[in-house]
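Engineer: Sequence:
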Amino acid sequence: MPPGTLDTSKRPFVLIWELTQACGLACDHCRADAKPQRHPDELSTAEGKALLEGAAEFGDGQLVVLSGGDPLVRDDVEELITYGDDLGLRMTITPSGTGSLTADRIESMADAGLKRMAVSLDGASPASHDAFRGEDGSFEETIRAVEDARAAGLPVQVNTTVCRQTVEELPAIRDLLTEIGAVMWSVFFLVPVGRGRVLEPVDPERADAVMEWLAEVSETEPFGVKTTEAPQYRRVSMQRRAERAERAGDEPDPGVKRRTGIVAGDGFAFVSHTGEVFPSGFLPESAGNVRDRPVTDLYRDSSLFQSLRDRDRLSGKCGACPYRNVCGGSRSRAFAHTGDPLASDPLCPFVPEGYDGPLPWDDADGETRGVSSGD
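According to UniProt numbering, the sequence shown is numbered sequentially starting from 1.
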């Protein structure tokens, strides 16, 4: 179901459950700052099934992503997939590219009712990917897992982190996705949380340029393209369509006034390994715990989630932006930089026409940069 057809005040388009933070990798960008050992207070199998029952209350076909850490550290994954599938949930998983992701495990998850598997590729070669992941052999393990998933009839999504260390790899990764038969490319623009604090993001102008390129990729490649923590992709795409319409003498798309798309807390929710409910895994401010309140109540009724769904409460240039209803900015990145999830997203270079307030990249000497609405 496309995000624009979903009432995101009632249900999320994506509900992620972090089964564990345990993982054998030490990836540079890791949000969870994962460790080898499992946490003793993880949701149990019974508590996990109760969470899935709660997720089913959002409505038929709710998308649930089992995440980590490495979720395959747990031995109840297939049991949870079957339970969720029987409840009518669309169960998917994002395992780590390690030896735990065997052909037998992939086949057993497919038999249990898994609908899609996502793997991470942050480089198009063993050297670049393994260096980013901090584990020799991770690239080959990931490619093997993709082949095993396809043999089991599982569609494969590829997740890629965009930062200064990876951005030059994107064209080669695009070519690799076509070669391995991926159905979706999810491109994550770095948010400085966890170990990701040591990485360098691309600058705002480069981010817009990458998104323009991704819009072209989405029109020419056989796989779909979506962005994570980069809702300005929708603004870039709309501006691109408007420029085309102007050249063709057509009417502009009126969609700028519609509230569409998803951001943290608005169409998106994250349940941690210990049951805390966050707007996103990259926005570590809890609305409560599923051990105390149903996930439906926390998503629909908590003041945190309600504030994130009210685009008129955004501050700074995001609050003044004519695209705020279709974009809304990354609330996670705003929180990471300012401690305020309603502040402006510092990755977006767009400056609304007539806006003369503070800019998130203002230097101490007052110098600013950005792309105005008139450019």
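A few of these clues could be false.
To be verified - Once the Cα atoms are required to be at most 25 Å apart in a straight line, the calculated DMTMM-like pairs of lysine to aspartate or glutamate come out as:
(1) LYS226 / ASP7
(2) LYS115 / ASP104
(3) LYS115 / GLU168
(4) LYS115 / GLU78
(5) LYS226 / GLU79
(6) LYS10 / GLU221
Simulated from the structure, these hints should not be mistaken for lab results. Bear in mind that the values here come from a model prediction, so they are computed numbers and not experimental data.
Engineer: Evaluate each hint against the coordinates.
Structural biologist: How the hints compare with the structure:
1. LYS226 / ASP7: 20 Å, holds
2. LYS115 / ASP104: 16 Å, holds
3. LYS115 / GLU168: 31 Å, violated
4. LYS115 / GLU78: Cα-Cα ~12 Å, so holds.
5. LYS226 / GLU79: Since the Cα atoms of LYS226 and GLU79 sit roughly 30 Å apart, the hinted pair is violated (cutoff 25 Å).
6. LYS10 / GLU221: 34 Å, violated
Violated hints, listed in ascending order, are 3, 5 and 6; each of the other numbered hints is respected by the structure.
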